[in-house]
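**Q** Taking the hints into account, I'd like the entire structure generated from these sequences.
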Amino acid sequence: GQQLNQSPQSMFIQEGEDVSMNCTSSSIFNTWLWYKQDPGEGPVLLIALYKAGELTSNGRLTAQFGITRKDSFLNISASIPSDVGIYFCAGRYGNKLVFGAGTILRVKS
Amino acid sequence: NAGVMQNPRHLVRRRGQEARLRCSPMKGHSHVYWYRQLPEEGLKFMVYLQKENIIDESGMPKERFSAEFPKEGPSILRIQQVVRGDSAAYFCASSPRDDRSIGELFFGEGSRLTVL
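Protein chains in written order, with the numbering used here: chain A, 1243 to 1351; chain B, 38 to 153.
Calculated from the structure, these hints are not laboratory results.
Be aware that one or more of the hints could be misleading.
As the list claims (entries may be wrong) - Computed list of lysine-lysine pairs in DSS-like fashion (alpha-carbon distance at most 27 angstroms, straight line):
(1) 88(B) with 64(B)
(2) 1293(A) with 81(B)
(3) 81(B) with 1312(A)
**A** Structure follows, in structure tokens:
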């Protein structure tokens, strides 16, 4: 079936740093989405991308839909403590979304 | 404007019992999805329903699991004769129906099932 490879698996951030994560697949997707999940909560939609090459921002977040339609990245600029959590990429395949395994963002102490 | 409502938030069952998880979609949404999440893993698609119709159940185990979305009332995910491996968080999501927004799923807070 369709699989999304998300990297890195986890990372530590220091407040103010920029963060980058990406998602790749051997399959083509027509829509890419990025979600954030806090502990004990459901995923919350951050950004949705509908066209190959599309670059979309939402505040400090920027995401791009790769030209080949097989990848996407998410950047977070000037990170703040509340950015910690798990970030999931998801690709639309037919009627459903396929999710990556997530990137865990933790605060560097 | 209430979001996706799931209950119960936490459910404990002994092996062999039944678990019923409920989901009310966002107002105006007629499409419901159920996903399962194991600890430290991503979400795995289980089933996609519209009112009174199962559209895609390709992610649902063939035995013991069933889902419905009746004309009136919430969507129900039912797990019969639960086993320890069913312990997970079950998330419901809903979406409005148009082609562009089909990917924009809005998730509930999940129901966490623990099987003893």
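**Q** Next step is simple, just say for each hint if it's right about the structure.
**A** Hints versus structure:
Proposed proximity of residue 88(B) and residue 64(B) is supported: the alpha carbons are some 13 angstroms apart, at most 27 angstroms. A hinted pair counts as satisfied when its Cα atoms are at most 27 angstroms apart, and residue 1293(A) with residue 81(B) qualifies at roughly 24 angstroms. With a C-alpha separation of about 19 angstroms, the suggested pair residue 81(B) and residue 1312(A) falls inside the 27 angstroms cut-off, and the hint holds.
The structure is consistent with each of the numbered hints, conforming to all of them.
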